[in-house]
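Just so you know, the protein sequences line up as chains A and B, in that order. The opening position of the first sequence corresponds to residue 2 in this note's numbering, with each subsequent residue numbered one higher. The opening position of the second sequence corresponds to residue 129 in this note's numbering, with each subsequent residue numbered one higher.
Derived from the structure by calculation, the hints contain no laboratory data. Errors might be hidden in some of the hints.
As the list claims (entries may be wrong) - Calculated pairs, BS3-like style, for lysine-lysine (alpha carbon to alpha carbon, straight line, at most 25 Å): (1) Lys56/A x Lys226/B; (2) Lys164/B x Lys226/B; (3) Lys72/A x Lys226/B; (4) Lys164/B x Lys234/B; (5) Lys58/A x Lys226/B; (6) Lys71/A x Lys198/B; (7) Lys198/B x Lys4/A; (8) Lys226/B x Lys54/A; (9) Lys58/A x Lys19/A; (10) Lys71/A x Lys226/B; (11) Lys198/B x Lys234/B.
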Amino acid sequence: DVKVTQSSRYLVKRTGEKVFLECVQDMDHENMFWYRQDPGLGLRLIYFSYDVKMKEKGDIPEGYSVSREKKERFSLILESASTNQTSMYLCASSFNRGTYNEQFFGPGTRLTVL
Amino acid sequence: GEDVEQSLFLSVREGDSSVINCTYTDSSSTYLYWYKQEPGAGLQLLTYIFSNMDMKQDQRLTVLLNKKDKHLSLRIADTQTGDSAIYFCAILSGGYQKVTFGIGTKLQVIP
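Modelling step: build the complete structure from the supplied sequences, incorporating the hints.
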């Protein structure tokens, strides 16, 4: 069974802290994505990666960075967390080939920044 | 950039049909998707349609694509309480498999 796992389901951090969100997939997918989900705004793409050590900015990259040192792992970093980064963070992965390019999602990390 | 729009909320009675609508702006989209998100979970692909198709049927699900009007719809026949979830319309366009999602329609099924 295909699987995308995220390091935490719930996380509480303080303003100014450095925050790491980890995502691991076991499907040998080339592409990995980080989204944030907010009520009334849906899913917004923060960053994505199509290969190891490669990254591309999504629609809302400000305040975030990413790291992809290994194919199966994609990390989202909040260098200095702020209250407006309180959100649900979803990781996803997909093949870079094939037909309909389904994205497989992790269960999400609900981050609260106090 | 691409824009995908859908209504926020839909309420139906159990056993009725549900129709969730979506409009998009990118005419070069290749695949169009419907994802389902159940409470406390990530998204899961429900169904998809290729842009050269007008309709796709999969058991209780019917997807209709009107390319001229850039309109996509999802019909769920005989809606059950287990269908209560948020449904996201999404389109694939551009390079690197980038998908643009709508805001999600919350479907409430009344017993």
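For each hint, the structure was consulted:
Proximity of Lys56/A to Lys226/B is assessed by CA-CA distance (about 12 Å); at most 25 Å being required, the pair is judged to hold. Between the alpha carbons of Lys164/B and Lys226/B the distance comes to roughly 18 Å, so the proposed pair stays at or under 25 Å and holds. Taking the CA atoms of Lys72/A and Lys226/B, the gap is near 18 Å; set against the 25 Å cutoff, the hint holds. At roughly 10 Å between alpha-carbon atoms, Lys164/B and Lys234/B fall within 25 Å of each other, so this suggested pair holds.
Only pairs whose Cα atoms come within 25 Å are accepted, and Lys58/A paired with Lys226/B is accepted, the gap being roughly 11 Å. Between Lys71/A and Lys198/B the CA atoms are separated by roughly 39 Å; this puts the pair beyond 25 Å, and the hint is violated. With a C-alpha separation of about 33 Å, the suggested pairing of Lys198/B with Lys4/A is violated against the 25 Å cut-off. As the CA atoms of Lys226/B and Lys54/A are separated by approximately 18 Å, the hinted pair is consistent with the 25 Å bound.
In summary, the hint linking Lys58/A to Lys19/A is supported, as the alpha carbons are separated by about 20 Å, within the 25 Å threshold. A distance of roughly 21 Å separates the Cα atoms of Lys71/A and Lys226/B; the hinted pair therefore holds under the 25 Å criterion. Restraint check: the Cα-Cα separation between Lys198/B and Lys234/B comes to about 21 Å, which is no more than 25 Å; the hinted pair holds.
Hint compliance for this structure: hints 6 and 7 are not met, and every other hint is.
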